[in-house]
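Construct the entire structure; sequences and hints are all you get.
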Amino acid sequence: MQEIKKLISDQLVQIIKDKFGLELAENCLPAAGVELSYPVFASQGDLTWPVFGLAKKMAKSPVELATLVAGAWTSLPIVAEVKADGPYVNFYLSSNRLALDLFADFDRSIENIGQGKKIMIEFANVNTHKEFHIGHLRNVAFGQAVSGMLSGIGYQALPVSYVNDFGIHTAKTIWQLVKEPITDKSSVNRGYILGQAYVAAVAAIGDDEQAKKEVGSIMTEIEARQGESYQIWQETRQWSIDYFQSIYELLKIKFTNYYYESDLIDRGRKLVEDLLAKGILTESQGAVIADLADEDLGVLVILRQDGTALYPVADLALAMEKFASANLDKSLYVVDKRQALYFKQLFAVLKRMGYEAPMLHLAYDFVTLPSGMMSSRSGNTVLFSDLYQECYKSLELETRARHADWSAEKISQVASQLSVATLKFEMIKVSADKIITFDIKEALRFEGYTAAYLQYSSARINSVLAKAGEWLIATEELTFTESAEKSLLMGLAKYPELLAEAASKYEPAILAQYLFEVAQLFNDFYQNCPILSAESKLKQSRLALIGHTQRVLSAGLAVLGIEVVSEM
RNA sequence: GCAUCCGUAGUUCAAUGGAUAGAACAAGAGACUUCUAAUCUCUGGAUCUAGGUUCAAUUCCUAGCGGGUGUACCA
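According to the working numbering, the first sequence is numbered sequentially starting from 1.
These are computed hints drawn from the structure, not numbers from a lab. Glycine is no exception: its CB is placed at the ideal position from the N, C-alpha and C atoms. Accuracy of the hints is not assured; some may be wrong.
Straight-line alpha carbon distances no greater than 30 Å define the calculated BS3-like cross-link-like pairs of lysine-lysine that follow [said to hold, decoys possible]:
#1 Lys117 / Lys337
#2 Lys117 / Lys494
#3 Lys351 / Lys278
#4 Lys410 / Lys434
#5 Lys539 / Lys467
#6 Lys83 / Lys118
#7 Lys17 / Lys6
#8 Lys254 / Lys83
#9 Lys83 / Lys5
#10 Lys434 / Lys337
#11 Lys270 / Lys118
Distance ranges between label pairs, derived from CB positions [said to hold, decoys possible]:
#12 Glu447 / Arg108: 35 to 43 Å
#13 Gly279 / Leu24: 53 to 61 Å
#14 Ser371 / Asp274: 47 to 55 Å
#15 Ala534 / Gln2: 28 to 36 Å
#16 Gly286 / Leu341: 17 to 25 Å
#17 Asp274 / Lys441: 49 to 57 Å
#18 Lys254 / Asp85: 47 to 55 Å
#19 Ala404 / Ile168: 52 to 60 Å
Have a look at this one:
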């Protein structure tokens, strides 16, 4: 559609130059040409140019300008009709030409904005020895979608996971394990059980000074990397890592690299010494800080008074490691919104250290429940494993009810794919700056704005295509007459620009909403236009149309990290 | 206190400064001997308040009101 807009804009610019003279035209027209937008109603055409801006600059009446320009329009194969409607110039496109352009060149129509530039995107910022809950799900679904969108427009996206395996939370969990050893060590359950142990530990420790002391000495052993606690730490750390890995496999999320706090902490401490010597960090009230007051960012504490490390120690080392290992053009961090100030501070310190490549915190708001804010302490959480099980059960039932003839394996396969799609989609379908109040009943409805709706549309297309047998996607002669066809064509034509917009704003919801719209347009078309029973030429055209719809749906969903099922 | 985000149908969300503010869910009424009814059609329903900028404001600015989050040793 961008190319079509450009063609039309070029001719409009030419007309204005011819009519009003080069000098006036060049003074008033924007360098990029005139900007076309989409009208609200189909009766107003497919593309429109509101002339207000230019009319004002040229001191002309908007209505007269629009009328004059529309009258001077010569011709363009893609444009069937041009009409002035008050201060708007409306363009009606030829369905058949539009379809030819569209179907011929799906891959080339997507602009290569990234040009192979390297962007590292850190997400799945998880803590070992703790649970993986629905908040983490939003993080990984969002991160994967952003990474996919960046790849989709030509960047070399490097998704990485940072694992916090060295904090006090590990000591707390181990304290609990010593008190109450785990009996079920099966690989399926132990990662999950570890999360439960952490919750129990937090509850048991509370304000108990004795317990806190015990946790402290466990932490000391872990940090010294010796003793029994360290052994337990090593073993259980691996349980967590395996557990997270199994979740990522289920969710089909792949990372190019994993970073562990335990690998970075020593380097981080050395770095802090260097930075102290350089004056980038200073001592204050016995702690080591970065004083960022001159940038209105307050103070970032790096080491506590007692010398123990805080978050930035490993984060600074990690940032250096990232830039050293890959020549990054940009470095992104997908972390919950509450860390916004922290990342501003971290980036400010890195800048003082000489790192100039853009670093960006992609913030998203958190997930709450109808019963209130999630909190491990109060036990008011939804764990991913439980959520997935519930979703799967429900989809398995639905699928079985609809396909009595399917094998158990096939039902299970489809239900599982749909579960993953549903859960991811629920997490990315609204913009990142909105709090998601997660209501399981809503999520398991599988109607309306859901992954199931998109999947169902795609499954219907597959079914028709399978019944059609042989067909070609780009036929020389296409014929479209119905308004439902036109609307669908117009919707499909917007894919490249919507992908580009969503990716450049790091906003998967834009793409998700667009794909939903395409599916709606398809279902409207499907309801109104018979495909297989249409006469030959019409049938070929419609097959090509749904074939292209399928390409857009599956490509768009794939970019968001969602696989399309072939039947459901 | 300061910073920051949010405020749109009953609910959850849309709307590059542009034409009549769109969807989904919920509610009510319809459509399956017909390409998958996890679908489609129809009906009601909304911009927090007050100013300002503009030919044009849900959008930008100012001030309120309401809510969330952050703000030196939590992770």
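The hints, checked one at a time:
1. Between Lys117 and Lys337, the direct Cα distance comes to roughly 26 Å. Compliance with the 30 Å bound is thereby established for this hinted pair.
2. Between the alpha carbons of Lys117 and Lys494 the distance comes to roughly 25 Å, so the proposed pair stays at or under 30 Å and holds.
3. At roughly 14 Å between alpha-carbon atoms, Lys351 and Lys278 fall within 30 Å of each other, so this suggested pair holds.
4. For a cut-off of 30 Å, the pair hint linking Lys410 to Lys434 is broken: about 36 Å separates their Cα positions.
5. Proximity of Lys539 to Lys467 is assessed by CA-CA distance (about 12 Å); at most 30 Å being required, the pair is judged to hold.
6. Only pairs whose Cα atoms come within 30 Å are accepted, and Lys83 paired with Lys118 is rejected, the gap being roughly 46 Å.
7. Simply put, Lys17 and Lys6 have alpha-carbon atoms about 16 Å apart, close enough for the 30 Å limit, and the pair holds.
8. Under the criterion of a C-alpha separation no larger than 30 Å, the hint pairing Lys254 with Lys83 is inconsistent with the structure, at around 51 Å.
9. Of the pairs offered as hints, the one joining Lys83 and Lys5 holds, with about 16 Å between alpha carbons and a cut-off of 30 Å not exceeded.
10. Annotation: proposed proximity of Lys434 to Lys337 holds, straight-line Cα distance about 10 Å (limit 30 Å).
11. Distance hint between Lys270 and Lys118 is fulfilled; the C-alpha atoms sit about 28 Å from each other, no more than 30 Å.
12. Checked against the hint of 35 to 43 Å, the C-beta distance between Glu447 and Arg108 comes to roughly 36 Å, which is consistent with it.
13. At roughly 58 Å, the beta carbons of Gly279 and Leu24 sit within the given window of 53 to 61 Å.
14. Between Ser371 and Asp274 the CB atoms are about 48 Å apart, so this pair conforms to the stated range of 47 to 55 Å.
15. For the pair Ala534 and Gln2, the supplied restraint of 28 to 36 Å holds, since their beta-carbon distance comes to about 31 Å.
16. The hinted window of 17 to 25 Å between Gly286 and Leu341 holds, with their beta carbons roughly 23 Å apart.
17. Checked against the hint of 49 to 57 Å, the C-beta distance between Asp274 and Lys441 comes to roughly 54 Å, which is consistent with it.
18. Range check, Lys254 to Asp85: Cβ separation about 51 Å, and the 47 to 55 Å hint holds.
19. Between Ala404 and Ile168 the Cβ separation comes to about 54 Å, which falls inside the hinted range of 52 to 60 Å.
Hint compliance for this structure: hints 4, 6 and 8 are broken, all remaining hints hold.
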